[in-house]
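Working from the sequences, and respecting the hints, build out all of it.
Residue numbering for the sequence shown follows my numbering, beginning at 16 and increasing consecutively.
If you're looking for bench data, these hints aren't it; they were derived computationally from the structure.
Treat the hints with care, as some may be off.
[To be verified] Lysine to any residue pairs mimicking SDA-like chemistry, simulated, CA-CA at most 20 Å apart:
no.: 1; residue 1: LYS122; residue 2: ASP156
no.: 2; residue 1: LYS143; residue 2: ALA247
no.: 3; residue 1: LYS150; residue 2: GLY88
[As the list claims (entries may be wrong)] Restraint-style ranges between C-beta atoms, simulated for each label pair:
no.: 4; residue 1: GLY194; residue 2: ASP120; range: 28 to 34 Å
no.: 5; residue 1: GLY90; residue 2: ALA247; range: 40 to 46 Å
no.: 6; residue 1: LYS245; residue 2: GLY101; range: 29 to 35 Å
no.: 7; residue 1: GLU124; residue 2: ALA217; range: 29 to 35 Å
no.: 8; residue 1: GLU124; residue 2: ALA193; range: 39 to 45 Å
no.: 9; residue 1: ALA87; residue 2: GLU124; range: 41 to 47 Å
no.: 10; residue 1: THR145; residue 2: LYS206; range: 17 to 23 Å
no.: 11; residue 1: SER230; residue 2: SER96; range: 33 to 39 Å
no.: 12; residue 1: THR109; residue 2: LYS245; range: 32 to 38 Å
no.: 13; residue 1: ALA247; residue 2: ALA121; range: 23 to 29 Å
All C-beta atoms, glycine included, are put in the ideal place defined by N, C-alpha and C.
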Amino acid sequence: MGMKAKVALGAVVGVVVIGAVSANAGSDGKDGGSGGSGKDSSASAQHTPGGTKGKKNPGDGQAAGKRKAAIAGDGEFQVGSDLKPGTYRTTGNTDDMCYWERAKDAKGETDSLLANDNVTGTSYVTVKPTDKIFKSSGCKDWEAVDPKAKGTPASSMDGDGGMYKVGTDIAPGTYKSAGNKDDSCYWERTKDAEHGLDSIIANNNVTGTAVVTLSPGDAYFKTTGCGDWKKAA
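Listed below in structure tokens is the structure:
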């Protein structure tokens, strides 16, 4: 099966229970073989020159012209020789065509997977020193993220934007998204960008109006298939 056709592991249908990841695989995740649907995959559109829907995204213009691709958007890379451990970001992906994978070896088996995702918009991924392989297919090039970088957090975000760094891309606070249909809105608060089951703080599939509070201690917020989020007064 081609990489673009692969399904991120652990996809959840219906209301998501805390600790169950939508369209991600943790280190203990097993391939359920379910077909991927955009509503349960994570994605985003911050820091994106030309992000999703043509909107200006939180973080656009930060260190403009200084960002440098660290990993090509297509390929298989050995951790330690082809790329250094750290956090990376890809932006401007469309239609779930970006697929990435962290693996513990190069066997290409299901048990090799540590985490993976199908991405629309932007994704952050932390590659750990113990990872052996990082795979990327159909993605825009990946750039290394400076852990000390600061931004001007926004108070609204594209509901189909994907993955926002709390405190840098988006400000902490309570946000509301209206007009969601058929459980197509999925959101997730995470404590890191490892994309494991243990990364999730809380998540949900929503029909109608969604309300979520992002705490200052949250690391990232994922949103896909939702109406745009606006910070509540």
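Here is what the structure says about each hint:
| no. | hint | verdict |
| --- | --- | --- |
| 1 | LYS122 x ASP156 | violated (24 Å) |
| 2 | LYS143 x ALA247 | violated (36 Å) |
| 3 | LYS150 x GLY88 | holds (9 Å) |
| 4 | GLY194 x ASP120: 28 to 34 Å | violated (44 Å) |
| 5 | GLY90 x ALA247: 40 to 46 Å | holds (42 Å) |
| 6 | LYS245 x GLY101: 29 to 35 Å | holds (32 Å) |
| 7 | GLU124 x ALA217: 29 to 35 Å | holds (32 Å) |
| 8 | GLU124 x ALA193: 39 to 45 Å | holds (44 Å) |
| 9 | ALA87 x GLU124: 41 to 47 Å | violated (24 Å) |
| 10 | THR145 x LYS206: 17 to 23 Å | holds (18 Å) |
| 11 | SER230 x SER96: 33 to 39 Å | holds (38 Å) |
| 12 | THR109 x LYS245: 32 to 38 Å | violated (24 Å) |
| 13 | ALA247 x ALA121: 23 to 29 Å | violated (47 Å) |
The structure fails hints 1, 2, 4, 9, 12, 13 (numbered hints given earlier, in ascending order).
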